[in-house]
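Q: Residue 270 in the working numbering sits at position 270 of the sequence shown, and the numbers go up by one each step.
Please keep in mind that the hints were generated in silico from the structure rather than gathered at the bench. Computed from a prediction, not measured in an experiment: that's the story for all the values here. Among the clues, some could well be false.
[As the list claims (entries may be wrong)] Keeping only pairs whose Cα atoms sit at most 25 Å apart, straight-line, the calculated BS3-like set for lysine-lysine is: (1) LYS204 / LYS127; (2) LYS204 / LYS132; (3) LYS136 / LYS202; (4) LYS208 / LYS163.
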Amino acid sequence: MKDAKTELEGRWEAVNGDKKIPEKQQINFTDPDSCIMTTKHQGVQQCNNYNNFAIIDDKANIILGTYTSNNANDQLGLIPTIENTEKTYGSLEGVQLGVDAGFFSADNIIYTEGKGIDYYAPYPEAKSPYAKDRFKYEESDDTYTCPGGNILKMEKQTEDGKKGLYSNERACVSCKTVGRECTNANDGLRRIERDIENDSVKEKAKEKAKSEEGREILQLRKTIPEPVCGNIKVQDGFTQMHYRGEEKDSLEFRLHCLIHNIRKLLKVYFHSTSWQEDIHSGGRIGESYQHTG
1 MKDAKTELEG
11 RWEAVNGDKK
21 IPEKQQINFT
31 DPDSCIMTTK
41 HQGVQQCNNY
51 NNFAIIDDKA
61 NIILGTYTSN
71 NANDQLGLIP
81 TIENTEKTYG
91 SLEGVQLGVD
101 AGFFSADNII
111 YTEGKGIDYY
121 APYPEAKSPY
131 AKDRFKYEES
141 DDTYTCPGGN
151 ILKMEKQTED
161 GKKGLYSNER
171 ACVSCKTVGR
181 ECTNANDGLR
191 RIERDIENDS
201 VKEKAKEKAK
211 SEEGREILQL
221 RKTIPEPVCG
231 NIKVQDGFTQ
241 MHYRGEEKDS
251 LEFRLHCLIH
261 NIRKLLKVYF
271 HSTSWQEDIH
281 SGGRIGESYQ
291 HTG
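With the hints as constraints, model all of the structure from the sequences given.
A: What follows is the structure, given as structure tokens:
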């Protein structure tokens with residue numbers, strides 16, 4: 001028990017620093033690398049499930065890079081997956097990369113921009129008609145417009161200038177939604193907190209995803225990665241991890257990805273005369289075929 005407690009505290013400190021450990025934080029004695037995740041059929045469980053990520057080519061459905069994590073947050077899996085892909089294929093500059101809403105974050109957007117990757121991620125819009133993303137920000141006059149058409153101006157700003165608080169007391173007092181759907185604040189005022197730098201990055205990415213090109217790219221997710229994942233689950237029976245520990249499970253996932261790639265390469269080989277000629281003549285496959293992201 002003492003060893004488990006020490007290991008839990010060490011891993012928590014490495015990720016979260018001096019932040020207090022939640023009382024319900026757990027450690028699995030049979031697999032210390034595992035963590036609490038939401039499962040499809042059994043709800044929230046402490047189990048040896050891991051988050052597996054992959055970047056897949058849109059031409060031949062080849063898996064280019066992978067990453068396995070014991071963190072349930074998808075946002076944290078994008079950068080390591082890109083880094084793993086670059087180890088094999090080099091720079092991804094100029095490549096168009098479409099992901100789902102779980103990967104939408106300012107950090108991921110800024111990172112991909114720095115890499116020269118043409119990144120598309122749908123914005124995870126909240127269901128509430130009064131969620132923050134329902135308030136339209138106007139950069140020209142630094143204001144928000146609420147769903148009711150009222151203007152919210154900056155009330156105050158943090159000392160470091162990184163965040164601003166927007167409100168409109170007069171509008172909230174006369175608004176019929178106050179205290180019910182729009183806000184639960186004791187004073188009845190709805191306030192919008194804006195991250196000066198990151199919110200601007202998200203807004204631009206949101207508009208990019210909503211563009212005609214963005215919609216076309218994001219629609220490809222249904223025909224590119226989903227069938228690949230489905231084949232691995234159905235053809236290989238890979239519905240859950242069989243090993244314990246993040247390192248072993250990462251190797252297991254990569255093995256299944258390798259098997260998938262071999263199937264795809266053989267399919268291309270048997271349907272491509274140029275590939276067959278190139279291989280049997282001792283040439284390099286890369287000279288006659290190049291993935292285009």
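Q: Hints the structure violates: just list their numbers, smallest first.
A: none
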